[in-house]
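As you go down the protein sequences, you meet chains A and B in turn.
Residues in the first sequence are numbered from 3 upward in steps of one, following the working numbering.
Residues in the second sequence are numbered from 27 upward in steps of one, following the working numbering.
Hints listed in this document are in silico derivations from the structure and should not be mistaken for laboratory results.
Backbone N, C-alpha and C fix where the C-beta goes; we use that ideal spot for every residue, glycine too.
Hints may be right or wrong, so weigh each one.
[Said to hold, decoys possible] Calculated cross-link-like contacts (lysine to any residue; reagent style SDA-like; alpha-carbon spacing at most 25 Å):
#, chain 1, residue 1, chain 2, residue 2
1, B, Lys129, A, Ser24
2, B, Lys129, A, Asn60
3, B, Lys37, B, Asp89
4, B, Lys129, A, Arg52
[As the list claims (entries may be wrong)] Chain A stretches covered by chain B per the calculated footprint, using a threshold of three residues with CB under 8 Å from any CB of chain B:
#, stretch
5, 55-65
6, 82-89
[To be verified] Some chain A residues well away from chain B (every beta-carbon gap over 12 Å; in silico):
#, residue
7, Val6
8, Thr7
9, Ser14
10, Asp28
11, Ser30
12, Gln46
13, Ala73
Take a look at the letters that make up each chain.
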Amino acid sequence: AQTVTQSQPEMSVQEAETVTLSCTYDTSESDYYLFWYKQPPSRQMILVIRQEAYKQQNATENRFSVNFQKAAKSFSLKISDSQLGDAAMYFCAYRNTGNQFYFGTGTSLTVIP
Amino acid sequence: GAGVSQSPSNKVTEKGKDVELRCDPISGHTALYWYRQSLGQGLEFLIYFQGNSAPDKSGLPSDRFSAERTGGSVSTLTIQRTQQEDSAVYLCASSSQTGTNEKLFFGSGTQLSVL
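Using the sequences plus the hints, can you model the full thing?
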């Protein structure tokens, strides 16, 4: 079974600074998809960014970018110019070809004004 | 509706009672997932419905948990004889699965508290 590990239960960043959230996963598959989801206090999970494993180019979405290292099975999220609204729980997720999603335990991000 | 709708948003029940949690997915979405999120934990997979296929029930923690999806749309998660360890947020998500990179759309969850 696939597993997703987020080794940072909590992180903090100064407003306008950059922070990187770590994620590693374990799989024997070659074709899969990776996601970062944000969960604010409202509880509703929001997609931040996604990456196809077959693409070597790292995905970017405005201030959010990933560092995808397939051989190392690493998928970190970088948030640039952090804003107060970025404060939330962040979950890394892995989706296999069977459309099954596996989530990490999350990283709680605090943004300090 | 515009998004995934879950009801109730909060449910308080007594140990031993049965509860039903409802999920109304985005119209046209063929895939529906239930997850459980305990305090300080990640999302624990419970069950997955895909179209008319038999559901993947491999995540259900015990036979007290069951789920159904009527007409390929609304889903109900039932927990019988609730226990205190069932207290958690139950999240529902749906996906259209029409592409190879479909994302999940989540509801706001049901916070279940078993006293």
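Each hint, compared with the structure:
1. Simply put, Lys129 (chain B) and Ser24 (chain A) have alpha-carbon atoms about 21 Å apart, close enough for the 25 Å limit, and the pair holds.
2. Among the hinted pairs, Lys129 (chain B) with Asn60 (chain A) is consistent with the structure: their alpha-carbon atoms are about 18 Å apart, no more than 25 Å.
3. Taking the CA atoms of Lys37 (chain B) and Asp89 (chain B), the gap is about 21 Å. The hint holds against a cut of 25 Å.
4. Simply put, Lys129 (chain B) and Arg52 (chain A) have alpha-carbon atoms about 8 Å apart, close enough for the 25 Å limit, and the pair holds.
5. Check on the stretch 55-65 of chain A: 0 of its residues sit with their Cβ under 8 Å from a Cβ of chain B, so the three-residue criterion for coverage is violated.
6. Given as covered by chain B, the stretch 82-89 of chain A fails the check, having 0 residues with a CB less than 8 Å from a CB of that chain where 3 are the minimum.
7. For Val6 (chain A), the non-interface assignment is contradicted: its Cβ lies about 8 Å from the closest Cβ of chain B, within the 12 Å cut-off.
8. Not every CB of chain B lies more than 12 Å from the CB of Thr7 (chain A), the least distance being 10 Å, so the non-interface label is violated.
9. The claim that Ser14 (chain A) lies off the interface holds: its Cβ sits roughly 17 Å from the closest Cβ of chain B, which is beyond the 12 Å cut-off.
10. Once the 12 Å rule is applied to beta carbons, Asp28 (chain A) is consistent with being away from chain B; the minimum gap is 15 Å.
11. Once the 12 Å rule is applied to beta carbons, Ser30 (chain A) is consistent with being away from chain B; the minimum gap is 18 Å.
12. A beta-carbon of chain B is positioned within 12 Å of the beta-carbon of Gln46 (chain A); the least distance is around 5 Å.
13. Even its closest Cβ contact with chain B, about 21 Å, leaves Ala73 (chain A) beyond 12 Å, as expected for a residue assigned away from the interface.
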